[in-house]
Amino acid sequence: DQQVKQNSPSLSVQEGRISILNCDYTNSMFDYFLWYKKYPAEGPTFLISISSIKDKNEDGRFTVFLNKSAKHLSLHIVPSQPGDSAVYFCAASAYNAGNMLTFGGGTRLMVKP
Amino acid sequence: EPEVTQTPSHQVTQMGQEVILRCVPISNHLYFYWYRQILGQKVEFLVSFYNNEISEKSEIFDDQFSVERPDGSNFTLKIRSTKLEDSAMYFCASSLDRGQGYGYTFGSGTRLTVV
Chain A
2 DQQVKQNSPS LSVQEGRISI LNCDYTNSMF DYFLWYKKYP AEGPTFLISI
52 SSIKDKNEDG RFTVFLNKSA KHLSLHIVPS QPGDSAVYFC AASAYNAGNM
102 LTFGGGTRLM VKP
Chain B
2 EPEVTQTPSH QVTQMGQEVI LRCVPISNHL YFYWYRQILG QKVEFLVSFY
52 NNEISEKSEI FDDQFSVERP DGSNFTLKIR STKLEDSAMY FCASSLDRGQ
102 GYGYTFGSGT RLTVV
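Read top to bottom, the protein sequences are chains A and B.
In our numbering, each residue's number is its place in the first sequence (first place is 1) plus 1.
In our numbering, each residue's number is its place in the second sequence (first place is 1) plus 1.
It should be emphasised that the hints constitute simulated quantities derived from the structure, not laboratory data.
There could be a bad hint or two in this list.
Said to hold, decoys possible - The list that follows gives simulated cross-link-like pairs (lysine to aspartate or glutamate, EDC-like), each with its CA atoms no further than 20 Å apart: (1) B:Lys79 <-> B:Glu60; (2) A:Lys72 <-> A:Asp56; (3) A:Lys72 <-> A:Glu16; (4) A:Lys69 <-> A:Asp85; (5) A:Lys39 <-> B:Glu4; (6) A:Lys39 <-> B:Glu45; (7) A:Lys38 <-> B:Glu45; (8) A:Lys38 <-> B:Glu4; (9) A:Lys38 <-> B:Glu60; (10) B:Lys84 <-> B:Glu54; (11) A:Lys39 <-> B:Glu60; (12) A:Lys39 <-> A:Glu16; (13) A:Lys6 <-> B:Glu45.
What the hints assert, rightly or not - Okay, the calculated beta carbon distance ranges per label pair: (14) B:Ser82 <-> A:Lys69: 41 to 51 Å; (15) B:Asp64 <-> A:Gly84: 23 to 33 Å; (16) A:Glu43 <-> B:Arg99: 45 to 55 Å; (17) B:Gln15 <-> A:Ala71: 40 to 50 Å.
As the list claims (entries may be wrong) - These stretches of chain A come out as covered by chain B in the derived footprint (C-beta under 8 Å, 3 or more residues): (18) 33-43; (19) 98-105.
Heads up, the beta-carbon is just placed ideally off N, CA and C, and yes, glycines get one too.
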C-alpha cells in the first residue's frame, strides 16, 4: 500500500544551497500533509504542515508546496545547513480517518559543509 | 520543552512472551498514539486513543495488541505473545488536539527485539 511515496531515498546538498525533498500521494481523501525530521535514535520531530486548501506554507528556512492536481508536495530548505542532515518523512492524513498519519518511506538528506 | 518519554529504550524478549512498552505523554495532551517502524520500512500507524478508549486502529493492531492508560499519566502498549515479526521500533506520540495540522510529539522510541 503505497499511498504516500518518497521516491528519492537520499539527497546530498552543499551547505548554503537549497534542498528540495519530494513526496507523492495517491489518496485524494488526504487533506493535510506534514513533514517530519528524524535523527538516529530519536523519534520523528514535526517540522511543518500544509492544508489542502493552501498551496504554500512557510516557516523560516522551511517551505512546503502542495500541488493538488499532481498529488505532489515538496519541502524546500534554504539555505541548507549541516544540522539539517537527517531523514525527512512526509506524512498525510484525512479528516474522515481521524488524525492517523500515513507516512512515506523517508529521504535521507546529507548537507555537506 | 515538554517531551514524550518512552521506556525502556531497548527490550529483548523471547518469542511467545508478553511485553509492555511504556510511554509518558505530554501532560496536557489528550490524544495518544502508537506507531511502529520495522527496520528498513515505513513508519506505520498502530492505534490512537482518546478519552480512555481506542479511537482508531490499523489492521496491524490485532488481538495480540492492547493499549491502556492505567493511571492518567502512563500510556502502555502490550503485546501478548510476541512474534519474530514484531521486532521493530515502537514510537509513542501525543497531541493536544485532533486537529490534523498539528503535528504530534513523538517519543524517542523503544526498540523491541524478539528472539
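How the hints compare with the structure:
1. For the given pair, B:Lys79 sits about 16 Å from B:Glu60 by alpha-carbon distance, which is consistent with the 20 Å threshold.
2. At roughly 11 Å between alpha-carbon atoms, A:Lys72 and A:Asp56 fall within 20 Å of each other, so this suggested pair holds.
3. Using a Cα cut-off of 20 Å, the hinted pair A:Lys72 and A:Glu16 is violated, with the two alpha carbons roughly 29 Å apart.
4. Proposed proximity of A:Lys69 and A:Asp85 is contradicted: the alpha carbons are some 27 Å apart, above 20 Å.
5. For the hint linking A:Lys39 to B:Glu4, the alpha-carbon distance of about 15 Å falls within 20 Å, and the restraint holds.
6. With a C-alpha separation of about 15 Å, the suggested pairing of A:Lys39 with B:Glu45 holds against the 20 Å cut-off.
7. The suggested pairing of A:Lys38 with B:Glu45 holds, with an alpha-carbon distance near 16 Å, which does not exceed 20 Å.
8. A threshold of 20 Å between alpha carbons decides the hint, and for A:Lys38 with B:Glu4 the separation of about 16 Å falls inside it, so the pair holds.
9. Distance restraint check for A:Lys38 and B:Glu60: the Cα-Cα separation of roughly 26 Å exceeds the 20 Å cut-off, and the hinted pair is therefore not satisfied.
10. Pair hint B:Lys84 plus B:Glu54 does not hold up; C-alpha atoms about 25 Å apart against a cutoff of 20 Å.
11. Using a Cα cut-off of 20 Å, the hinted pair A:Lys39 and B:Glu60 is violated, with the two alpha carbons roughly 25 Å apart.
12. For the given pair, A:Lys39 sits about 19 Å from A:Glu16 by alpha-carbon distance, which is consistent with the 20 Å threshold.
13. At roughly 13 Å between alpha-carbon atoms, A:Lys6 and B:Glu45 fall within 20 Å of each other, so this suggested pair holds.
14. One distance hint, 41 to 51 Å for the beta-carbon pair B:Ser82 and A:Lys69, holds here, with the actual separation near 44 Å.
15. Under the hint 23 to 33 Å, the C-beta atoms of B:Asp64 and A:Gly84, about 44 Å apart, miss the expected range.
16. Roughly 25 Å separates the CB atoms of A:Glu43 and B:Arg99, a value that falls outside the hinted 45 to 55 Å.
17. Taken as a hint, the range 40 to 50 Å holds for the pair B:Gln15 and A:Ala71, whose Cβ atoms sit roughly 49 Å apart.
18. For the segment 33-43 of chain A, the proposed coverage by chain B is satisfied: 5 residues have a C-beta within less than 8 Å of a C-beta in that chain, meeting the threshold of three.
19. For the segment 98-105 of chain A, the stated coverage by chain B is satisfied: 8 residues place a CB nearer than 8 Å to a CB of that chain, which reaches the threshold of 3.
Violation of the numbered hints given earlier is confined to hints 3, 4, 9, 10, 11, 15, 16; the remaining hints are satisfied by the structure.
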